[in-house]
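Produce the entire structure from the sequences given, and follow the hints as far as they go.
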Amino acid sequence: MKRVAIVGVGQTKFRTRRDDKTHPELTYEAMKKALDHANLELKDIEAIAYGTMDPFDGIYCPERWDVTSGGVGKPFMKISTGGTTGLTTGLAAYEHVASGMFDIAMAVCTQRVGECVDAQPVLNTAVCPIYERHSGAGAISVAAIQATVHMAKYGTTEEDLAWVSVKDHQNALKNPNAHVKLDIGVEEVLNSPMICSPLKLLECCPRSDGAVAVIFASEEVAKKIRDNPAWVLGEATISDNYYAGDRPDLSHWDTLSIAGRRLFRHAGIDNPIKDIDVAELYSPFTIQEVLELEALGFAKKGEGKKFAKEGITFPDGDMPTNPSGGVMCTNPIGATGLVRLAEASLQVMGEASNQIPDVSTALAHAWGGTLQFHTLMLVSSKKKL
Amino acid sequence: MKIGIVGVGITEFRIHEEPFYNVAYQAAKTAMKDAGIERREIDSFILGGYDSLGVGRTISNMYVAPAAGGYLRHEIRVADDAAFSIPLAFMRIKSGLSDVAIALGFGHSSETPVELVEVQSLDPLFHRDLKLAPQMGYAMQSYAYRNAYNVSEEDLAEAVVKDRKNAMKNDYAYVKEETSVEEVLNSDMAVYPLREPEIAKWCDGCVAFILAEETIARRINPDPVWIGGLGWSYDNYFLGARELDKLNSTKLAAEKAYKMAGIRSEDVDSVEIMDLTSDYHFMILEALGFADYGSGKELLDSDFPVNKSGGALCTNAYGSTGMFLMANLAMQIRNGEAERGITHAISGIGQNSVVCVLSK
Amino acid sequence: MVLKFEAKWEIPYVHSAGEHGTKFFEALREKKILGVKCPECGRVLIPPRAFCERCFVDTDEWVEVKDEGVITTVTVTYIKFTGLPDPPYATGIVKLDGADTGMLCLLGGVDLSDWKKVHEIFKPGTRVKAVWKDKPEGKITDILYFEPVEG
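Residue numbers (the numbering used here), protein chains in the order written: chain A, 1 to 385; chain B, 1001 to 1360; chain C, 2001 to 2151.
Calculated directly from the structure, the hints in this document are not laboratory data.
C-beta: ideal position from N, C-alpha, C; glycine also.
Interface residues of chain A toward chain C, partial, derived using beta-carbon atoms under 7 Å:
(1) Asn-124
(2) Ile-130
(3) Val-149
(4) Met-194
(5) Asp-246
Okay, structure coming up:
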């Protein structure tokens, strides 16, 4: 396997709507920023992996139009895997380089959830039209049923969860690209309207428009581009069976545990909380960060609920999560996973807007489907742990 | 490191009554049986096929991943004709991240009007209101091609006749009905200048390949079919910015595939091409370097095997056609009918192409 | 100021239930719920499916399960999403007696206005029973919702 590094990151500003740009113009904006960050030109990019989730933008196969952003005449591969799309697109671009087939490849993801008048009916079309669609299930209700079980089993409180939201919202204030910027405390979260019990409005992500691009390079090339690249140390993806009712225990995200273990074994992580300095987790709903902390071994089962409340996941805590403000404050769905990788890479490079001091290793995560898929990527300033 | 195909699974290609994921399961199961391995021996599941609107479900891999056997395994999906998933599976193995992978393509057209779905791929600002069905795009290419090179209707009809004849000998082909040049020329005009038999008909069907790194491949199958070269390339979306009488995405993809394999078009002895129309049949052969521009018809009179499968003109499942053609070439190589061949797939209105070199 | 164009997708679909689904929906007409039993792991799977994802084998043995079971989890939706049911509505997972997997479904028969009370009534482990449509049509909506079993 060839060693690969992330050498450039570009993000657009994420907003409710980006009426100033068309779909390919938004894609171009992110690509251009990533090229500028790496001090490269479009001709240097040998191949592109492009990701989006079609239905949200009201365009089917939007890559056909979006390729005009700079992909014409290049190998340009469309990836789409649900909520994990952003990170699987990053993974695909990584494999372009790790295989030795290309020296420089770009991952780019664009999503305009803001152009979709309501995202939940689209998410409802993900569930089986024959057996499950009538239940009204969307992404929020799927997270809510996790929360119900975690609360019943571990006594997790509404206040515990509210702290996760407060932490993410405080972090987003420092990120110029973040979408929702609200200076809120626990009371505001607890008093916000109930959406899908027990999850309230301020425990749920927004729908965002925006794009993100990440450039991968082989070791020899990466060294020439920058002296602080983010080396890719490992990846893991896992797929569960389809039906949400098949999950053995919703209080524990066991598939993420399995994926985490595979990644850590491969990358040489012995103790996640010690070896990983910051994590960008895909937690559009408060409860999911708690589940993810527990599944990845940052917290013991049932103890993830304390992490935000006790400050452990705040920027000055022992295990900072989502210093970017996370998915809670910015969710361009099919691009969100790649934003996690972009932000994790910036932390490793020491260039993040809400920089955690002395980061050497950072984790990026995304989940998708009805709690069905997970993807993880680990980046570090070190070539090897 | 070489990467080989050690198992092939093809379902029937027709209009299926079973949901697409059950058909996908059959393809995966057949490929595993063909390779003589169990689901648990496969570490990576690379899916290919169209999303959302094609099957009316927003994240189609939610259904296909378990059907492919991806339970608790690595899984990813290339959202395009499934042939485009082959490069990704190849790169994953080449990276050393996978030993044995499955690439599974699902094709399904019968749950919804495909043209209506495809119209939604047009941007909502400039083109959507033109309601340009893919066949209309192909027709504009045909018109440009016929005009540029004075290609006769008889020669184009001959391409259909030849594919139809070949399909008669292929158990997996969908349209099995021989025709004649006169019949084609007297058939109804569908989208000018294309007559009804000159346009591929939609059907359903799935294909799966088991791919493995060389040393493991040889343990599984003493004679794998090797993937020697791969190239893929995207052309412009705006038809007005394209040379409509040529398929430049195919040309660029072929150049990359030949370069990687270290061969030229003269070095292959069989070719499977995704001829969605009679004109594409020639235009693809020209882009692949088998004939000069406008001279693709010359291959009709040669012994060189083109589309022994019957081609896309006889079998076109929405999302898996390219992989179907590739499976047919792999079988030809296995059966000793060919030593080295190339296979081609195309998507959009001739916008994106992938070319793959397979050999003994 | 930029121009904006409204668009709407209206695409008809005819989804096949497949042979397994067909058997399940035909049984619903008689207010019966059928699952399939995996010949390898022995789990009874609801909704039924043509193969067990875990064992990767065909599933052809049919088992009738009760229309009664226990709640795994619940959520009540209080805001209106385009095209989705009018709020409030309760969605949950019920593990039917005789089945090894849960079923995503609607819960009802109780006042849904106060979510805390609903979560109290539908605590994980609570026994519930299907409330059927008077004249089932062979669709999943023949089960209107699951309600608590008295006592």
